[in-house]
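S.K.: Protein chains in written order, with our numbering: chain A, 1 to 333; chain B, 1 to 303; chain C, 1 to 383.
Quick caveat, the hints were computed from the structure, so don't treat them as lab data.
Among the hints, a few may not be true.
Unchecked claim - Within a straight-line C-alpha distance of at most 27 Å, the following computed DSSO-like cross-link-like pairs (lysine-lysine) qualify:
1) B/192 - A/329
2) C/113 - C/135
3) C/135 - C/172
4) C/172 - B/214
5) B/214 - C/135
Claimed, not checked - Label-pair ranges, simulated between beta-carbon atoms:
6) B/24 - A/143: 19 to 25 Å
7) B/223 - A/326: 26 to 32 Å
8) A/234 - C/315: 24 to 30 Å
9) B/122 - C/111: 57 to 63 Å
10) A/180 - B/24: 25 to 31 Å
11) A/326 - C/69: 16 to 22 Å
Claimed, not checked - Simulated coverage check for chain B against chain A, where a stretch passes if three residues somewhere in it have a Cβ under 8 Å from a Cβ of chain A:
12) 23-33
13) 82-95
14) 102-108
15) 267-277
Using N, Cα and C, we set each Cβ at its ideal position, and we do this for glycine too.
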Amino acid sequence: MGFDIDRLRSRVGRRDPDSGADDVRTDGGTEATTGGSRFARLKHSDLVQSLPFWLPPALLMGLFVYGAIGWNLLISLTDWSGLQQPEYTDLSLEMYTQMPADASFVAAFRNTVVLLVVFTVISLLIGLGLAILIDRNIRFENTFRTIYLLPMALSFVVTAIFWSWMYNPSTGTINVILRGVGLDFLAMNWLGDTRTRLAAIIFALTWQFSGYAMVVYLAGLRAIPDSHYEAAKVDGAGSLRMYWRVIIPQLSAATTSAAVVLMVFALKAFDFIYVMFGDNPGRSADILAVMMFRVAFSRSQWAYGAAVATILFLMALSVVAPYLYMQYKRGDL
Amino acid sequence: MATADESRQTIGDRLADRREQLDLTRVGLYAALITLVGFYLSPLWAGLTTAFKTQAGFVNTTPLEPPTPEWFTIAPWADAFSVMQGGLINSITFVLPATVLSALLGSLAAYGLTKLSWRGQVGVLVLFLAGVFLPYQSVLVPLRQFWSAVDLAGWLAFAPFLANRADLIELTITHTAYGIPICTILFRSYYKAMDDDMIEAAKIDGASAFGIYKRIVFPLSLPMFAVTLIYQFTQVWNDLLFALVLVTSRSNYVVTLSLNELQGAMAQEYNLQMAGAFIAAFPTIIVYVIFGRQFAKGIAGGT
Amino acid sequence: MTELTLENVTKRFDDDGDVIVAVDDVSVEIDDGEFLVLVGPSGCGKSTTLRMIAGLETVSDGQIVIGDEVVNDVPAQRRDIAMVFQSYALYPHMTVRENMRFGLEESTNLTDKEMDSRVEKTATTLEIDELLERKPGELSGGQQQRVALGRAIVRDPSVFLMDEPLSNLDAKLRSGMRTELQRLQEQLDVTTVYVTHDQTEAMTMGDRIAILNDGELQQVATPLECYHRPNNVFVAGFIGEPSMNFFEVTLSDGQLVGDDVTFEYPLSASIRETLDSRSKLVLGIRPEDLEIVDRAETDHDFPAVINVIEPMGNENNLLVDFLETEGETTFNVIVDGMRHLTAGGRYAVRFPESAIHLFDRETGTALHNRQVENEPELLGPRA
């Protein structure tokens, strides 16, 4: 191999006083080892030393999360119902194949998707709006933020009770206000009427969770350097235009993570509907989470309930898996 | 001279214009913010006014109006409290240990998965992370099977005090288990930012892996404990689903169960319902008002 | 009495299937009480080497021996070493006293009283006894540096490891600390390995310096020996500021002929004999060994033009080009600060034959190094 002085010179010239930390330092690389006592090495390896810390929590969590998911899948393949114990001998996909023909499943599935999409989109929009308002150097910023986020700290049980009262057809706040501003024709029995029931639920849930989207967007906005706002201003972009063209495109990461979490909230919206309507909110507002509970715990159709639960799990997975994969690819894990 | 005067005037005018415009946008901004405050607080306001009104009061007045002396009463609060008293006590007894345990285990797991580096960490971490997003319905049937198979009350028969509260112990363990993923993720992001050199310095100083946790990592993660404990406290306190499935005996009803029952039994007594809702929400509202910053951090970090 | 020996130490990292050799077969013996400086450019493996000695990285191959014990499988906690980190790595929630006590509490059985007296004694030596009850966040960078040092010293370890401990200090503090560290190390007489990328630190502080490049050990010798007798073209270029000038030359008919430049340099027979009949060579000469003369007089003088003059006060740093040649040939010359020269002026550069180094162009190995008068006094007895 020839010796290249220029290369040497450039290498020597590259020594700058602050670059000393660039030395190869990798974490936990495996290496081919020869010699030495394998046992001693093993005993002091970081893996072995780390086990007592993460293994017990991992086992507890693994049993309750992954063990239970597997068991649930198994139960869904049986025909278990009623009071006796499940039999795991005769497994079939029967519970799943009967779903398409079950009108209540189809309705619950459709409502779940509608809730998921509409609730998420509206919450994101409101959250973005709140974040933009709050990010404009206002006074009492903390107070405003605290108030917008407050519903998030409340139990579904509590908010369901509040909103039942809000939607009360005669003296509920919603109708009182509608009548007060002369929109009498809009005042209706929001929760009683099957046409408005799902919309009313979505509206209330949006009230509860838009503050979450606000927090995520606010963090996103604060991460954008001031120079971008200034550059947009120098380029003559108006406020609206600036947000549309310059700022919002930079919030895509915030949007993704907020959307994923909101969708998962929506899939979990059981408590809210259960408190408002009990275990049977009717076709118009039934969702899979409620249906699963009704089928399994009220009617003791355990296997069918488990199958509905599996569908719910797969829906969550289809939202979360791509997100986690993206995070992994970006090296954020 | 004339031109100079003119130009000065125009500049002055323009400045005034802009100030006016600026003020108008500011006014609009605050008007929007305050309207939104109205929107976010209206259900609570309606609940609060109603809880202080008699039956005739909330039927005859709108929830927007505060109670007049004619309709004012605190009876709903006393009634609701007496119904929910047991639930409140039960909730406190299981929520505190569940919260502390899941935070502690999450912190330990995050330490093992961050500060002691080894291959395959990411794989284990993904399992924790996916657990955050689990819809609990998909584990409910096995969960119930599991706890009926374990028969905790039977195991604890030697100590009737504990055996009678087996439901609550089951809830504690269940909430701890499902709280571990989010706690681990919260602590991990914190530990990742912690100085590695410092951990290595402690190693060279002779501290064991546990010694490093106890004397360096744990004291330094107290701010994160505040975040995690507050987040986890509200989550566990607010839960209804697990309680519905796991609590079988009335004497073990937790606060969300009591409130749900109150709502079902007193369908038309809105004043009682509202008072009950506020009583159930009281601990979380207090925690939220005092530690709002940590709560916001918790939910933002939970993504 | 603690010697530290590295025997064929190798570190391989597995980076997504690619094996990266960070440290390649390094062997060094460090005597008891010796101050060894590990120096090299970024990424040369010096920090990895230090971390292997500390027990923070495993050793892929070879052995590390402290005293009589092979420590490959001994965890960092039990190696009886102390380390000073570039970032200081102080425990922010503990006071200075607690920071310094931490290691004593974890690794010794001393009583509280003994620990306190040791901490106080060390703090007095380092003049940080006033700061004992403060937390690191309340200290200046220089003070934190002293605490980090104190935390290492108080343990009275058998080996000190220092990973660029001065690089976060400003230039003025750094030179003061350099002297103080040296004095301390002499006083304590503890075997020390000191990693730096700064060749000034290497030259001024070390009893010996070990130069690493691309994970391979280039030379271990006293600073002056590395300077005057570099093993190869890398060491020659790395040690010395500004760097040695290099020219690619070919030996023909007893003359060194420039490959890129019109340059013919008669070589005396005694030097030719050392070249082992190699003809593709690199000629090296330090800027301070070149002389500027008014016109070419001997056959070792070459007409040249001074492009740039950087006056440093005590000396002038010149950028010089050969005249009558094509291509980039700029090189450095250092002359006395009192000498008056004009930029753009035509002079001649003298290459004294006693000061030239010749390297094999294929391998980079030094074939001939410059003459050194009173060699034993300057370089010490040769091993």
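S.K.: Run every hint past the structure and note whether it holds.
M.R.: The hints, checked one at a time:
For the proposed pair residue 192 of chain B and residue 329 of chain A, the alpha carbon gap of about 18 Å is at most 27 Å, so the pair holds. Distance check on the hinted pair: residue 113 of chain C and residue 135 of chain C sit about 21 Å apart at the alpha-carbon level, within 27 Å; holds. For the suggested pair residue 135 of chain C and residue 172 of chain C, the alpha carbons sit about 25 Å apart, so the restraint of at most 27 Å is met. Note on residue 172 of chain C and residue 214 of chain B: the hinted pairing is violated, with a Cα-Cα distance of about 39 Å set against a maximum of 27 Å.
Taken as a hint, the residue 214 of chain B and residue 135 of chain C pair is honoured in the structure, with Cα atoms around 19 Å apart against an allowance of 27 Å. Between residue 24 of chain B and residue 143 of chain A the beta carbon distance is about 23 Å. The supplied range of 19 to 25 Å therefore holds. At roughly 29 Å, the beta-carbon separation of residue 223 of chain B and residue 326 of chain A lies within the given 26 to 32 Å, and the hint holds. The supplied range of 24 to 30 Å is broken by residue 234 of chain A and residue 315 of chain C, whose beta-carbon atoms lie about 49 Å from each other.
At about 45 Å, the beta-carbon gap between residue 122 of chain B and residue 111 of chain C misses the expected band of 57 to 63 Å. The hint said 25 to 31 Å for the Cβ distance between residue 180 of chain A and residue 24 of chain B, and at roughly 27 Å that hint holds. For the pair residue 326 of chain A and residue 69 of chain C, the beta carbons lie near 49 Å from each other, so the given range of 16 to 22 Å is not met. Requiring three or more residues with a Cβ within less than 8 Å of a Cβ of chain A, the coverage given for the stretch 23-33 of chain B holds, as 4 such residues are present.
Coverage of the stretch 82-95 of chain B by chain A is violated [criterion: at least 3 residues with CB-CB distance below 8 Å; count 0]. Counting residues of the stretch 102-108 of chain B whose C-beta lies closer than 8 Å to any C-beta of chain A gives 3; at least three are required, and the coverage claim holds. With 5 residues bearing a CB less than 8 Å from a CB of chain A, the stretch 267-277 of chain B meets the requirement of three and the coverage assertion stands.
Checked against the numbered hints given earlier, the structure breaks hints 4, 8, 9, 11, 13 and satisfies all the rest.
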